[in-house]
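Enquirer: Chains as they are written, first to last, in our numbering: chain A, 1 to 285; chain B, 1 to 613; chain C, 1 to 531; chain D, 1 to 349.
Hints in this document: simulated from the structure, not taken from any laboratory. Positions of the beta carbon are idealized from the N, C-alpha and C atoms, including for glycine. Misleading hints may appear alongside valid ones.
Residues of chain B clear of chain A, computed beta-carbon distances all greater than 12 Å [as the list claims (entries may be wrong)]: (1) SER31; (2) GLY37; (3) GLU328; (4) ALA461; (5) ALA477.
Interface residues of chain A toward chain D, partial, derived using beta-carbon atoms under 8 Å [stated by the list, open to error]: (6) LEU139; (7) GLY229; (8) LEU258; (9) ALA261.
Covered stretches of chain C, as calculated for chain A (at least 3 residues, CB under 8 Å) [stated by the list, open to error]: (10) 378–387; (11) 396–405.
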Amino acid sequence: MITGVAEDLDIKQRAKRRLALPPTLAGKIGLIMLAAVVLLALAGPELAPYSPRLTVGAPYAPSGGHFLLGTDVLGRDVLSRVLFGGRTVLIYAGLATILAYLAGLAFGLFAGYLRGWPDQALMRSVDVLLSFPALVFILLVSTAAGQGIIPVMVATAIIQAPAIARIVRTATLEQSVRGFVEAAVARGESAISVLRREILPNIARPLSADVGLRFTWSVLLIASVNFLGLGLQPPAADWGLMVSENWGGIGANPAAVLVPAALLGLLCVAINLLSDSLAGGRQWQ
Amino acid sequence: MAMTASPDRVLDAEALRVELASGFPVIDEVSLQLSRGEILGLVGESGSGKTTTALALLGYSRPGSVITGGQVTIAGQSVLDLPDAARRRLRGRLVSYVPQHAGQALNPSLRISAAISDVMRQHETRSRADVMAVLAAVDLPASQAFARRLPHQLSGGQQQRVTIAMALSCEPPLIVMDEPTTGLDVITQASVLEEIRRLREQIGAALVYVSHDLAVISELADRIAVMYAGRIVEEGPAATLLARPRHPYTRGLVQSIPDHRRPTRQVAMPGIAAGVEDRPAGCAFAPRCIQQTPVCSEAMPALITLTAGHQVRCVHADETPPVTLGEERDLRAAARPSPVLEVTGLRATHRSGSETVVAADDVSFELGGGECLALVGESGSGKTTIARCLAGLHRPDRGVISLHGDPLPDRARKRSLAQRRAIQYVFQNPYESLNPRRQVSDELARPAQVLRGLSASAARAEVGALLDRVRLPARAAGRYPSQLSGGERQRVAIARALAAEPEILICDEITSSLDVSVQAAILGLLADLRAELGLSVLLITHDLGVVSVTADRVLVLQQGTMRETGSITQILHTPAHPYTRQLIAAAPVLPVPVTESGDGQGKRRAISKEAAL
Amino acid sequence: MNSTDRTPAPLQGPSRRAFLHRTASAGLLLGAGAGLAACGHQTSALSTLAKPRRGGRLRIGITGAGNQESLNPSSAAYTLINLAMATAVFDTLIILNPDLSLAPGLATSWTSNRPATEWTFDLRPGVTWHDGKPFTASDVIYSLRWMAAPGNGLAGLVSNVDLAGIRQSGTSKVVVPLKTPDLLFPQTICDGYIIQDGEKNFVHPVGTGPFAFQSLIQGEHSVFLRNPHYWDHPKPYVDELIIYSLASDTARVDALISGQIDVCSQVPFTQARTGLGNGFSLLRSPGQSAYAFYMAVDKPPFDDVRVRQALRLLTDRQQLIDVALDGFGTVANDLYGRGLEFYDNGLPQHQHDVAEARSLLRAAGHGSGLTLDLQTSDIAPGVTAAAALFQQQAAAAGVTVNVTQANPSAYFNPAELYLKMPFAQTFWSGYNTLQLFYQYALMPGAAGNETHWDSNDTTSWIQAASSASSAAAAGRQWAAVQQQQWSEGGYIWWANVDNLDAASDQVGGIRPGPLLNLGLPTSLANAYFIA
Amino acid sequence: MTAAIQATAEPETPAAQDQSRPRRGRHPLLRYALRRVAAAVVILLVLSVLVFLACSVLPGNAASAILGKQASGVALAHLEREMGLNRPIAYQYWTWLTGLVHGNLGNSAAGYAAGGQISVWSQISGKLANSAILATAAFVPIVAVSLMLGVGAALRAGRWVDHLISVTTLVPAALPEFVLGALLVGLFFGSLHLLPPVSLIPPGGSPLDTPSLLVLPVLTLVGVCVGPAARMIRAGMLDALEADCVAVARLNGIAERRVVIRYALRNALAPSVQVVAMIAQYLIGGLLIVEYMFGYPGIGQQLVNAISIHDNLEVQSVSMLLAAIYVGINIVADLVVMTLVPKLRTGGA
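Please build the complete structure, drawing on both the sequences and the hints.
Expert: Structure (structure tokens):
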């Protein structure tokens with residue numbers, strides 16, 4: 001807009017027009033959905049009528065009869081496995097996101113602040129990691145470290161750390177040229193205290209929106225690896241794994257596939273709505 | 001030359017009103033008249049509605065605001081009652097627009113020739129030769145090679161000339177210019193102003209020139225209209241208005257603009273301009289007006305005509321005293337104080353992309369105790385990099401900086417506590433100088449804790465005193481920066497510097513992003529602090545007016561090399577180096593206003609052609 | 001004695017159904033109808049009546065093996081799809097019919113000397129290779145030596161052969177000397193494919209079989225064309241054979257129902273139970289593969305024989321079959337190898353007798369109750385369902401069984417769980433002679449000794465039986481071994497699972513049998529389109 | 001798959017990246033391209049080392065992949081010697097790398113199994129072609145739809161059309177591919193009985209012969225990818241529309257249609273190209289899941305199967321192939337953007 005006019009009108013409307021929904025509405029819906037799914041995932045195990053690993057009937061018994069959601073490929077109660085299956089999704093995706101953020105934040109802050117060779121080193125390693133399809137990377141790392149959920153989780157963290165580091169580095173670079181940061185440097189404050197007191201509080205907001213994005217991405221990735229059968233191994237109960245192991249019975253007992261799939265979808269949509277509102281729409285620029 | 005109401009009236013705008021979506025009037029009751037070949041200067045500070053008015057003349061309102069009242073007739077053609085499509089066809093042919101930042105206004109992916117012919121084609125089919133003619137008209141090389149260039153391949157001045165060429169391409173009777181020279185350095189600005197003057201004579205078009213800088217307007221305009229809080233508060237022939245301003249705001253403006261020819265202390269205007277939504281009832285200027293009476297804030301005063309062509313919106317217009325100039329600064333060369341800071345053979349560079357730019361090459365100078373040394377030069381002349389080297393924020397390639405004789409390590413972290421206390425830095429942009437996430441009290445207490453080892457409570461106790469010293473109310477301590485105006489934030493930044501009880505204060509363009517009225521107040525504060533605390537000040541600026549108000553000695557820089565150094569009187573009155581002379585000549589100045597003795601006179605100056613870039 | 005370490009575990013992919021694989025030839029079916037064949041029944045009634053018709057393109061869907069699919073006959077033993085392709089292109093000296101009976105192949109007849117230490121084969125005249133070259137004795141000699149090469153999957157078949165001694169006698173006879181006497185050598189060698197003299201590269205294999213190789217894309221499909229000069233004229237009836245490699249069960253069944261393939265192998269129980277709709281029929285036959293619970297006899301409380309016997313009695317085998325296998329199985333009698341040579345059919349079938357089980361447990365000191373930990377895993381369809389059912393059956397006899405499910409890939413991995421579980425389940429197939437099974441399962445330190453069996457008597461009986469030079473002597477030894485296992489063994493063999501395939505009613509000539517799915521190895525040559 | 005796209009590559013035009021801008025001189029574009037290709041080669045080399053190490057750590061190896069789990073120890077050792085797996089790691093890496101560079105990836109597992117020579121390339125080229133068909137079949141509608149939605153939403157920013165587009169694309173965009181796939185199959189096959197869940201490609205035929213084979217995979221990819229892509233194109237377009245030069249063009253009386261096309265769209269091209277590149281890169285990952293889910297015989301399913309049976313010879317080669325395509329897309333996108341942004345094309349003043 002004509003810069004002069006902006007001064008006259010003294011209005012800051014620029015970000016608002018970018019949103020799908022007004023931030024508060026998106027935030028509310030997202031929060032409610034997220035709370036529901038998390039509650040189901042955490043409280044679920046206590047409510048499960050059967051043990052998730054026990055065969056209790058014939059395979060793919062249709063839903064509605066003795067079993068509310070029918071049985072799965074091995075004749076286990078789908079409802080119990082759905083109630084148990086949420087926890088692994090939240091725990092492992094959560095840990096992966098936290099791990100990615102710890103690494104990404106540390107790397108990004110120091111590269112952005114120190115500039116010079118650490119910055120170059122980070123950028124080069126980011127180029128390498130980002131030039132590899134994420135899912136292929138995780139499959140490789142997880143199979144190299146022996147199939148199982150821990151390597152998958154660590155690999156998911158590793159593949160996301162560079163992208164986070166890059167965002168943090170850019171934000172740190174932007175902040176470090178601002179007056180109050182240079183004043184602190186001129187005062188001779190240590191790098192740590194400058195980062196902690198001056199820079200981190202000011203980049204918290206853009207990062208908060210990104211956390212939602214990362215968590216969704218972790219859920220997607222880990223669920224996909226489980227779906228391919230290369231993450232969590234049977235007989236574990238996990239929504240992603242359930243979709244793939246019952247894929248054959250989609251004709252006989254669709255609930256065995258569609259219910260875990262829908263819950264995963266609900267979780268992802270909820271987080272997206274939430275991070276959408278947190279970013280006040282800037283995230284979509 | 002005052003223009004009487006001649007038959008070929010070009011512009012006749014009546015009671016223009018533009019409202020925000022929320023209904024608040026951005027501008028109201030704006031009436032302007034303009035005849036052929038006349039230049040109207042529209043002056044006002046940020047938030048006064050000058051640009052909105054300019055755009056309203058083209059029948060354009062920015063999204064989020066709407067033109068709700070008034071009439072605009074250009075060359076007999078009424079604009080506002082036309083539907084959008086018809087209104088669009090008028091623009092460019094009947095009235096054209098020159099934007100403020102030419103760099104952003106030109107389409108980056110269109111060659112100049114294409115951009116100009118785009119405007120032309122809208123109205124009649126014009127050939128390539130006409131494009132060349134228009135380029136020549138604005139003193140740009142009329143060659144095929146030049147015409148094929150892209151905007152980023154032109155200098156700032158050239159870009160601005162292209163936008164002017166686009167405005168002229170259909171020879172409209174009225175051209176609206178919105179601060180076309182603000183982004184340019186003073187020498188280029190002078191040449192562009194010269195260009196505009198020449199065009200006015202040659203094509204006789206009427207010009208509305210919008211600016212926040214009264215000095216620039218005084219160089220060009222035949223008549224001036226001053227806007228404050230969305231209304232015209234005074235309008236009249238340039239000479240009479242500048243010599244004897246009748247509205248207190250205009251008088252305050254004239255007083256706060258420094259004139260480098262007469263180094264004086266400034267008379268600051270109190271208070272700040274209110275935002276659109278919180279303008280007071282009655283006269284908007286009342287809260288800041290020295291001759292304010294209860295009647296002022298009862299109703300909005302009407303625009304009354306004093307003499308033919310001179311109107312003012314103030315009930316006490318006739319009581320407005322003439323302009324009182326600050327008293328001359330006694331610049332008799334006091335004995336040179338012993339040097340606190342010496343810089344010898346400083347060379348500093350910085351990398352921008354692949355090229356390394358030499359910011360300072362073999363710069364040496366001294367700063368005496370209690371003395372104010374001004375580093376003057378255009379943007380990119382290296383003055384800021386030198387200052388950052390002094391503060392330990394930039395590592396110089398060569399050269400020694402010594403404080404009280406002993407050399408300073410290049411990095412702030414490596415300097416002793418005392419050395420870090422001695423030099424404090426105040427940054428240019430007030431909106432970036434304070435940490436938005438922390439209260440003013442925290443920001444002010446921090447330096448004492450770090451540099452003077454005070455406990456948190458002891459440091460916090462000093463905050464009140466610091467705020468007083470920079471003339472801010474104590475309640476500001478609990479505020480966040482976002483709740484303060486630009487001027488208030490800069491005062492807090494200065495207070496933070498003082499918290500360390502420094503010997504040297506480096507002020508890097510601290511007033512350049514503030515309105516002129518607020519600038520005067522800050523410079524006044526700086527002068528008081530020097531008197532009270534005996535501070536040495538290194539002032540970095542490109543504005544000779546600011547130099548004349550505060551500096552004792554001056555160092556002129558061009559592209560990182562020292563051109564000239566000397567006392568304020570030597571530099572301003574008897575400049576030795578041609579570059580310094582060029583700078584002084586190009587700096588716009590107000591005509592000397594009528595003081596009690598009433599002997600002021602308007603004057604014009606021509607600037608030599610070759611100076612233009 | 002026999003070096004190939006064949007673990008009983010079938011190939012276990014994430015979603016692939018267990019393939020029943022076999023590594024040695026089936027036993028000679030002594031006497032007609034020895035238990036197995038009698039109770040098998042043909043469901044595709046049309047196949048025997050209509051006259052075979054020439055032509056057509058036969059499309060078969062078999063469980064895929066991805067990168068392991070190959071025409072190299074040495075790897076035929078590892079996956080059903082490799083075996084099917086090998087039977088299409090190559091022939092064997094002796095053909096093992098689906099019902100475990102032997103028939104002349106490239107050898108018209110075969111005789112052995114008195115002590116069964118030397119076997120002589122008469123070769124079939126007038127046989128040609130796909131590239132037109134004549135089939136001679138040198139091909140047979142080369143093939144036998146090729147099988148013995150290290151790394152060859154068929155090495156186990158000729159491990160007892162004195163390779164240097166193999167010689168041609170006359171134009172059409174080959175004499176094969178053995179190191180130790182082996183009455184059942186024909187049942188072993190009938191699995192050895194005969195390749196052309198000097199053939200090493202099987203990218204474009206040349207065989208004497210019913211079909212000539214045309215193309216193979218791993219994981220997708222392989223194509224074979226009819227061999228007009230096949231010795232068993234007028235077979236094969238179809239002009240072209242396509243084998244689709246389809247990993248998931250449902251994909252195969254859907255492909256059959258949607259008419260994209262004509263024959264589908266290894267139909268899951270659920271589809272078999274719900275039926276395939278009209279126009280398709282199930283090819284079902286009782287199978288040789290067997291399911292069992294096993295107890296480590298050296299670990300309490302299973303070291304007490306009375307506990308083992310009690311558990312056998314409280315197992316309701318028919319209910320396990322009806323629920324866990326949807327009825328697709330036949331009750332077993334705690335012995336492996338039903339239908340094999342020297343299998344003791346005379347031992348009475350263990351019945352479901354809860355009262356006797358309780359008294360045995362009381363005698364063993366567990367009158368007040370017994371708690372056991374059973375580790376199960378989804379190693380084959382119905383196994384985990386059987387575990388859950390066994391838990392309920394044991395509860396009826398006062399025995400509480402805690403069932404935990406383990407990861408299938410760890411269940412048969414000696415590094416992880418295999419041979420370390422005191423009470424678990426297993427699933428064996430493809431052992432055609434008792435000696436192969438018992439050497440592998442009961443000899444101390446053997447790779448498959450799940451019950452940790454270590455008894456000198458058993459070891460000596462097994463060794464004597466394996467190298468007996470007369471059928472009578474072998475019979476007596478095997479009877480002793482089986483009598484001991486039947487009464488005191490650590491296994492509860494509760495069912496032989498059926499071979500389940502399906503075909504469109506337009507296809508005839510496929511006779512299912514206990515040996516393998518799809519009535520291999522002869523069905524490809526016999527198959528034809530009815531109308 | 002919102003996260004998928006934005007997380008993998010930040011929408012930065014080359015000018016914003018901190019590599020030094022190309023020095024002025026003759027054709028800076030060529031120089032920039034050469035530098036990017038050189039950087040890419042280095043990246044791929046580093047990746048090849050990482051991939052090889054990851055694969056050589058795999059518990060099984062190519063030999064066990066060929067013979068399967070129940071192969072005898074003797075057979076395994078013999079094949080390992082034949083395949084040179086007992087040679088030092090560095091030697092194996094070098095032979096594999098030189099093979100990769102010359103295009104012959106050496107003998108495939110199938111080749112060793114058959115005792116002859118079947119090049120890995122012949123094994124995967126067919127699958128690669130199938131994947132290329134599926135990728136193009138998905139890429140074209142995704143780009144078309146997201147461009148339409150993105151630009152349309154931007155032009156009517158704030159109005160109901162804009163909100164409608166954003167909301168409808170939000171839900172599928174957030175789902176993992178296999179979830180959306182499952183729901184689609186549930187809908188099409190489960191209740192509507194429209195599409196067979198599996199379609200076989202007859203020998204010699206191509207997926208195009210049986211288009212029904214492509215419908216569900218393409219629908220899944222489009223559903224998941226259009227949301228984020230449209231949103232980013234919309235953001236790019238909004239920035240262009242709000243630029244000063246558009247307002248000034250309107251003030252100079254230029255017709256609205258011409259302003260939108262020549263002043264807004266023209267400058268929104270560069271960021272849109274970045275988005276299109278991201279769509280292509282996303283597809284590589286997306287194909288993996290969709291091919292496995294629908295049993296589509298593409299390179300993705302081949303890789304997953306190879307990984308699950310630890311055939312690391314093929315895993316290495318396919319991974320490097322995908323990485324090379326991934327990096328290639330990056331370079332092409334940057335070059336196209338270079339030509340679109342005048343400042344970069346002329347090396348800048």
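Enquirer: Look at each hint and say if it fits the structure.
Expert: Hints versus structure:
1. The Cβ of B/SER31 lies farther than 12 Å from every Cβ of chain A, with a closest approach of about 18 Å, so its non-interface assignment holds.
2. With a cut of 12 Å on Cβ distances, B/GLY37 stays outside the contact zone with chain A, its closest approach being about 25 Å.
3. Consistency note on B/GLU328: stated as away from chain A, and its beta-carbon is indeed over 12 Å from all of that chain's, at 34 Å minimum.
4. No beta-carbon of chain A is positioned within 12 Å of the beta-carbon of B/ALA461; the least distance is around 20 Å.
5. Against the 12 Å criterion, B/ALA477 stays outside the reach of chain A, whose nearest CB is about 17 Å from its own CB.
6. The closest approach between the C-beta of A/LEU139 and any C-beta of chain D is roughly 5 Å, which is under the 8 Å cut-off, so the hint is satisfied.
7. Interface hint at A/GLY229: satisfied, since its Cβ lies 7 Å from the closest Cβ of chain D, which is below the 8 Å cut-off.
8. Interface hint at A/LEU258: satisfied, since its Cβ lies 5 Å from the closest Cβ of chain D, which is below the 8 Å cut-off.
9. At a threshold of 8 Å, the smallest CB-CB gap from A/ALA261 to chain D is about 4 Å, leaving the interface hint in force.
10. Here the segment 378–387 of chain C counts 4 residues with a CB under 8 Å from a CB of chain A, which clears the bar of 3, and the coverage holds.
11. With a threshold of 8 Å between beta carbons, the proposed coverage of the segment 396–405 of chain C by chain A holds, since 3 of its residues qualify and at least three are required.
Figure legend: structure checked against the earlier numbered hints; every hint is met.
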